[in-house]
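2 protein chains.
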Amino acid sequence: MKKKVHKECMSALTPVRDTLDVISGKWKILILISIWEGNSRFREIERSIPKLTSKVLAKELKDMEEHQLIKRTVYDDYPVRIEYTATTYSRSLEKVIKELHDWGVNHRKVIFR
Amino acid sequence: MKKKVHKECMSALTPVRDTLDVISGKWKILILISIWEGNSRFREIERSIPKLTSKVLAKELKDMEEHQLIKRTVYDDYPVRIEYTATTYSRSLEKVIKELHDWGVNHRKVIFR
Numbered sequence: 332m333k334k335k336v337h338k339e340c341m342s343a344l345t346p347v348r349d350t351l352d353v354i355s356g357k358w359k360i361l362i363l364i365s366i367w368e369g370n371s372r373f374r375e376i377e378r379s380i381p382k383l384t385s386k387v388l389a390k391e392l393k394d395m396e397e398h399q400l401i402k403r404t405v406y407d408d409y410p411v412r413i414e415y416t417a418t419t420y421s422r423s424l425e426k427v428i429k430e431l432h433d434w435g436v437n438h439r440k441v442i443f444r
Numbered sequence: 332m333k334k335k336v337h338k339e340c341m342s343a344l345t346p347v348r349d350t351l352d353v354i355s356g357k358w359k360i361l362i363l364i365s366i367w368e369g370n371s372r373f374r375e376i377e378r379s380i381p382k383l384t385s386k387v388l389a390k391e392l393k394d395m396e397e398h399q400l401i402k403r404t405v406y407d408d409y410p411v412r413i414e415y416t417a418t419t420y421s422r423s424l425e426k427v428i429k430e431l432h433d434w435g436v437n438h439r440k441v442i443f444r
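Taken in sequence, the protein lines are chains V and H.
The first sequence begins at 332 in this note's numbering and counts up by one.
The second sequence begins at 332 in this note's numbering and counts up by one.
Isolated chain V, as found in the complex (with noise of 0.2 Å):
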């Protein structure tokens, strides 16, 4: 059936939704521009952002440590000391949040009309 969705398209639209899951959510790239911004320590992350708690934070960069958007060092100093930073493959991700910028600021120039 011409009209169906087509296996090969499905299995095209897999990458737009890997994306999806590694950005998508709340706090993701908020998390990723303020470690772009400079800001290595826990406590720093968690206060430029309003509302982010600890334990969403925490369970975040896991996850953009897990898609190597992020670094975790250990300093094994006293106190133990660590740091977040961004890697350089997560400035792969600029063009896309450039991209869902542009549209988004259209968006709302068509929806408010």
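The hints are simulated quantities; they were obtained by calculation from the structure and are not laboratory data.
What you are looking at is a predicted structure, and each value in this text was computed from that prediction instead of being measured.
Among the hints, erroneous ones may be present.
Pairs count within a copy or across copies, as identical chains cannot be separated in the list.
Keeping only pairs whose Cα atoms sit at most 20 Å apart, straight-line, the calculated DMTMM-like set for lysine to aspartate or glutamate is [as the list claims (entries may be wrong)]:
{"id": "1", "residue 1": "K382", "residue 2": "D349"}
{"id": "2", "residue 1": "K429", "residue 2": "D349"}
{"id": "3", "residue 1": "K429", "residue 2": "D352"}
{"id": "4", "residue 1": "K440", "residue 2": "D349"}
{"id": "5", "residue 1": "K426", "residue 2": "D352"}
{"id": "6", "residue 1": "K426", "residue 2": "D349"}
{"id": "7", "residue 1": "K359", "residue 2": "D349"}
{"id": "8", "residue 1": "K357", "residue 2": "D394"}
{"id": "9", "residue 1": "K386", "residue 2": "E414"}
{"id": "10", "residue 1": "K440", "residue 2": "E396"}
{"id": "11", "residue 1": "K440", "residue 2": "E397"}
{"id": "12", "residue 1": "K440", "residue 2": "D394"}
{"id": "13", "residue 1": "K440", "residue 2": "D352"}
{"id": "14", "residue 1": "K359", "residue 2": "E430"}
{"id": "15", "residue 1": "K382", "residue 2": "E368"}
{"id": "16", "residue 1": "K393", "residue 2": "E377"}
{"id": "17", "residue 1": "K357", "residue 2": "E425"}
Based on these hints, arrange chain H on the given structure of chain V.
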């Protein structure tokens, strides 16, 4: 504090969030593509996407109509006939979807290296 995510940066992110609100979730992009492919009747769209339930489809179609991505036309036939068509405006999402797709394809290579 330089490192704090500046107010302007936070407000600059609102359009990114707007876009994610419009396209995020499991189904919206799949439904839009199904309609782009020519599926215009409720059952057609529903059958074209595995595991999509009528209840979810009804809600997503309503959202997408509000966001002016699709148009709902009621034909006063007997029985009444309802068709969903994509708006020209919805095509503006093609670039965003392509960017999400390309990043996702590359991300799989990075993650499963």
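Now the hints, each set against the structure:
1. K382 to D349: This pair counts as between: shortest inter-copy Cα distance 18 Å, intra-copy 26 Å.
2. K429 to D349: Result: close both inside a copy and across copies, 18 Å intra and 13 Å inter.
3. K429 to D352: both (18 Å within a copy, 16 Å between copies)
4. K440 to D349: Cα proximity of K440 and D349: across copies only (12 Å, versus 29 Å in one copy).
5. K426 to D352: Answer is both; intra-copy 17 Å and inter-copy 18 Å each pass.
6. K426 to D349: both (16 Å within a copy, 17 Å between copies)
7. K359 to D349: Classified as both: same-chain Cα gap 14 Å, cross-chain 14 Å, threshold 20 Å.
8. K357 to D394: Intra 14 Å, inter 19 Å, cutoff 20 Å: intra and inter.
9. K386 to E414: within (17 Å within a copy, 45 Å between copies)
10. K440 to E396: between (36 Å within a copy, 16 Å between copies)
11. K440 to E397: Between copies, since 14 Å is at most 20 Å while 37 Å is not.
12. K440 to D394: between (34 Å within a copy, 17 Å between copies)
13. K440 to D352: So K440 and D352 pass the 20 Å test across copies only (16 Å; inside, 27 Å).
14. K359 to E430: For K359 and E430, both the intra-copy (16 Å) and inter-copy (18 Å) Cα distances are at most 20 Å.
15. K382 to E368: within (19 Å within a copy, 41 Å between copies)
16. K393 to E377: within (14 Å within a copy, 36 Å between copies)
17. K357 to E425: Answer is within; shortest intra-copy Cα gap is 17 Å, inter-copy 23 Å.
In summary, the structure agrees with every hint in the numbered list given earlier.
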